[in-house]
Amino acid sequence: MKNNINVALYLKEGTLNASWSSGNQTIVIKYPFETGKIDQITNHIIDRLIAQNYETNVKYVICPGGIGKPLIQGVYFIDDNVVKEVQEQKWGVHVNNEVTLICSKLAKLLSATAIMCDPMSSDGLYVLNRITSHSDVKKYSRYHACEHQAAIYFMAKKLGKRPEELNIIVANIDDEVSVGAHQFGVCIDVNDVIGLEGPMGFKSSGDVPVAQLAMYTEKQDIDILRNDLRYKSGVKGYLGIDKPEKIDELVASGNSDAKLIADAVAYQTAKWIGSSAMCLKGNVDTIILIGKGIRSKSIINSLIPRIQKIATVECFEPNVIEYLLNVTTAVELSSCKILSVGRINNGL
Amino acid sequence: MVYKLLCINPGSTSTRIAIYNDNEAEFVKTIKHSNEELEAMGSIQNQLDYRYKLILDIAEEEGIDLAKMDAFVGRGGALRPMEGGVFSINEEMIEDCRTGKYSDHPSNLGCQLALLFANEYKKPSFVVDPPLIDEFDEVARVSGFEPIKRISAFHALNEKAVAHFIAVKLGKQMNEINIVTTHLGSGVSVTAHLKGRCVDNTFGSGGDGPFSPERCGRLPAAELLNSMQKFNDTKKARDWKKEFSKKSGLLSYLGTNDVITIEERSTKNPKVKDVLDSMVYAIAKEVAAYCTIINWDVDAIGITGAIANSKYIVTKLEEYLDFIAPIYIFPGEYEMEALAQGAIRVMNGEEKIKVY
Numbered sequence: 000m001k002n003n004i005n006v007a008l009y010l011k012e013g014t015l016n017a018s019w020s021s022g023n024q025t026i027v028i029k030y031p032f033e034t035g036k037i038d039q040i041t042n043h044i045i046d047r048l049i050a051q052n053y054e055t056n057v058k059y060v061i062c063p064g065g066i067g068k069p070l071i072q073g074v075y076f077i078d079d080n081v082v083k084e085v086q087e088q089k090w091g092v093h094v095n096n097e098v099t100l101i102c103s104k105l106a107k108l109l110s111a112t113a114i115m116c117d118p119m120s121s122d123g124l125y126v127l128n129r130i131t132s133h134s135d136v137k138k139y140s141r142y143h144a145c146e147h148q149a150a151i152y153f154m155a156k157k158l159g160k161r162p163e164e165l166n167i168i169v170a171n172i173d174d175e176v177s178v179g180a181h182q183f184g185v186c187i188d189v190n191d192v193i194g195l196e197g198p199m200g201f202k203s204s205g206d207v208p209v210a211q212l213a214m215y216t217e218k219q220d221i222d223i224l225r226n227d228l229r230y231k232s233g234v235k236g237y238l239g240i241d242k243p244e245k246i247d248e249l250v251a252s253g254n255s256d257a258k259l260i261a262d263a264v265a266y267q268t269a270k271w272i273g274s275s276a277m278c279l280k281g282n283v284d285t286i287i288l289i290g291k292g293i294r295s296k297s298i299i300n301s302l303i304p305r306i307q308k309i310a311t312v313e314c315f316e317p318n319v320i321e322y323l324l325n326v327t328t329a330v331e332l333s334s335c336k337i338l339s340v341g342r343i344n345n346g347l
Numbered sequence: 000m001v002y003k004l005l006c007i008n009p010g011s012t013s014t015r016i017a018i019y020n021d022n023e024a025e026f027v028k029t030i031k032h033s034n035e036e037l038e039a040m041g042s043i044q045n046q047l048d049y050r051y052k053l054i055l056d057i058a059e060e061e062g063i064d065l066a067k068m069d070a071f072v073g074r075g076g077a078l079r080p081m082e083g084g085v086f087s088i089n090e091e092m093i094e095d096c097r098t099g100k101y102s103d104h105p106s107n108l109g110c111q112l113a114l115l116f117a118n119e120y121k122k123p124s125f126v127v128d129p130p131l132i133d134e135f136d137e138v139a140r141v142s143g144f145e146p147i148k149r150i151s152a153f154h155a156l157n158e159k160a161v162a163h164f165i166a167v168k169l170g171k172q173m174n175e176i177n178i179v180t181t182h183l184g185s186g187v188s189v190t191a192h193l194k195g196r197c198v199d200n201t202f203g204s205g206g207d208g209p210f211s212p213e214r215c216g217r218l219p220a221a222e223l224l225n226s227m228q229k230f231n232d233t234k235k236a237r238d239w240k241k242e243f244s245k246k247s248g249l250l251s252y253l254g255t256n257d258v259i260t261i262e263e264r265s266t267k268n269p270k271v272k273d274v275l276d277s278m279v280y281a282i283a284k285e286v287a288a289y290c291t292i293i294n295w296d297v298d299a300i301g302i303t304g305a306i307a308n309s310k311y312i313v314t315k316l317e318e319y320l321d322f323i324a325p326i327y328i329f330p331g332e333y334e335m336e337a338l339a340q341g342a343i344r345v346m347n348g349e350e351k352i353k354v355y
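Residue numbers (numbering that gives the first Met the number 0), protein chains in the order written: chain A, 0 to 347; chain B, 0 to 355.
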């Protein structure tokens, strides 16, 4: 009889990573992710587990949660309420919604428990950050919460402290950019990446001057415009590319547009980091830069001089899979409690 | 030598005039105009003779000898976007203002009035830091959505004046220091002054940055589009645009843009307090954001505008921002001083006169 294992799922740059540990060995399988292929991907992972005789030994299947109703940061059962919310996507559209469904399906087929860690709708916003410029437009906390928490987890470990003892700013520079001010473990301010707030990313516009945007709807259908802003803007909209390495190639070849856009990503990200520093009253232990954008020297070399006087800047890609598997261990040891979404009326 | 100047600042409901002896104001007068009076004239351009005559009347009443002026200085004119400074008034400028080429704004009368007096008394005439100054770095123009560019629009005259005041206090030249200023009025703007150049600013009325008592600032773009769809039956794009400049911010939540009233209400109502405090918090966030534009190498932060008279708001801003740099408060507006000081700088040869 084999020992129980836990399976972690994490989607990164179009690849779904499924991983589990057995003894000293960590197995990672990668599968090209396509939307709408939930059964196919689930079956692929199960086949690999069967090949190793693990299909009856899985206790937890964990993933970063998708976007549901605002939740206090933590670990949650993926129950019917969660499944319904991410299926309907009424709180926001994101590929992590499908990963949550894969997680649920996989757990069901394996008679395991599906859980999600730091869902994208984790909400610890300070009350003054909830009020927008106009009473008819809402602000939500929707961001790469799991990636942020993973980065903080590894940084805290490195510093020999607990996340609850640190004030950290995390900037995830990716297709969308999220910048969060984490005060003693709680993200009190973050741009709403799904609402298209914040710095421009590799595909997402982030902030757009609102009066010009409103008038732009006179010449473009709102649904198409919203889609373009989310998936065809930012670096991709200006340069037609969404790979950090490609930006650097263009910059190296003397392309001045690429240089300007790399600077713009850095410039806008720096501004949000500056805001976060204010939210933390200047008490910032570390600024952590994560996401695929950190592979672009043009972006990072433009960004760091703007922010390095605020605090030490660390640039690394957190191992989210390892973080998730550690969370399942904490759950098993009862040092981390699994919450239930359905019972929570958090007033958020 | 002490220079004597007549400064003229036409606004939408008033014409302000002042006589300066160098930096000292000898006489300041605000001539109020009723909306009916101005509207009856049709266009802004049609108000030129009327305002000219009013200034002459005041001068006569007050015994001011306009022949003794060394120069005449007008506010702005909505001139083409360009670097700020002190400009001699020329025909091209007059033509752009007369026709409202860049914007139909009462300040278009400023240079015209100054030139009328200058021609009469054969003296020089200037404008100082006109409203559409554009000193943006290219990177500041990038919005994230290629078809839409960020544009420069801010309280240029007042914020530049405050930056100059701070430079004097620090005993430095403008080109030696980095400052972030925020103007707190019915509109709020935040500006980064990098060695004297305003390289980026938020622009109210539907740009980005913090909201103000009545103007909109940043909004999550997708959420705005969702709301536009939700309220499509009652509000069209143009209505939203109008709301961004007149009915957003505090007004949209609290039904008033009167900060004094809101402050009073906030002492009894926590929800009102949250809305007011969130405006102040958003301003502080933006000031901190703009400090990264100058690599967090900030010599000073300047706070100005009518709302800077609020002790409550200024104290909160100081609490939020004093970890970054020394803060200087200049409540109210300094447009008349800015006009006078700009003219004096060029007349003393401290700054070059620019040609439009």
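Hints listed in this document are in silico derivations from the structure and should not be mistaken for laboratory results.
By construction, the Cβ of each residue, glycine as well, lies at the ideal position given by its N, Cα and C atoms.
Hints may be right or wrong, so weigh each one.
[As the list claims (entries may be wrong)] Taking lysine to aspartate or glutamate and the EDC-like style, the derived pairs with C-alpha atoms no more than 16 angstroms apart in a straight line are: (1) B:K122 with B:E60; (2) A:K231 with B:E145; (3) B:K240 with A:D222; (4) B:K246 with A:D135; (5) B:K229 with A:D135; (6) A:K258 with B:D296; (7) B:K241 with A:D135; (8) A:K202 with B:E145; (9) A:K308 with B:D296; (10) B:K235 with A:E217; (11) B:K245 with A:D222; (12) B:K229 with A:D227; (13) B:K235 with A:E164.
[Unchecked claim] Negatives, chain A to chain B, calculated, CB over 12 angstroms: (14) N2; (15) I26; (16) I28; (17) N42; (18) H43; (19) V82; (20) F183; (21) E196; (22) M199; (23) Q211; (24) M214; (25) D222; (26) L249; (27) D262; (28) A265; (29) K270.
Hint by hint, work out which the structure violates, then give me just those numbers in ascending order. Hints 1, 3, 6, 11, 12, 13, 21, 22, 23, 24, 25, 27, 28, 29 contradicted; others consistent.
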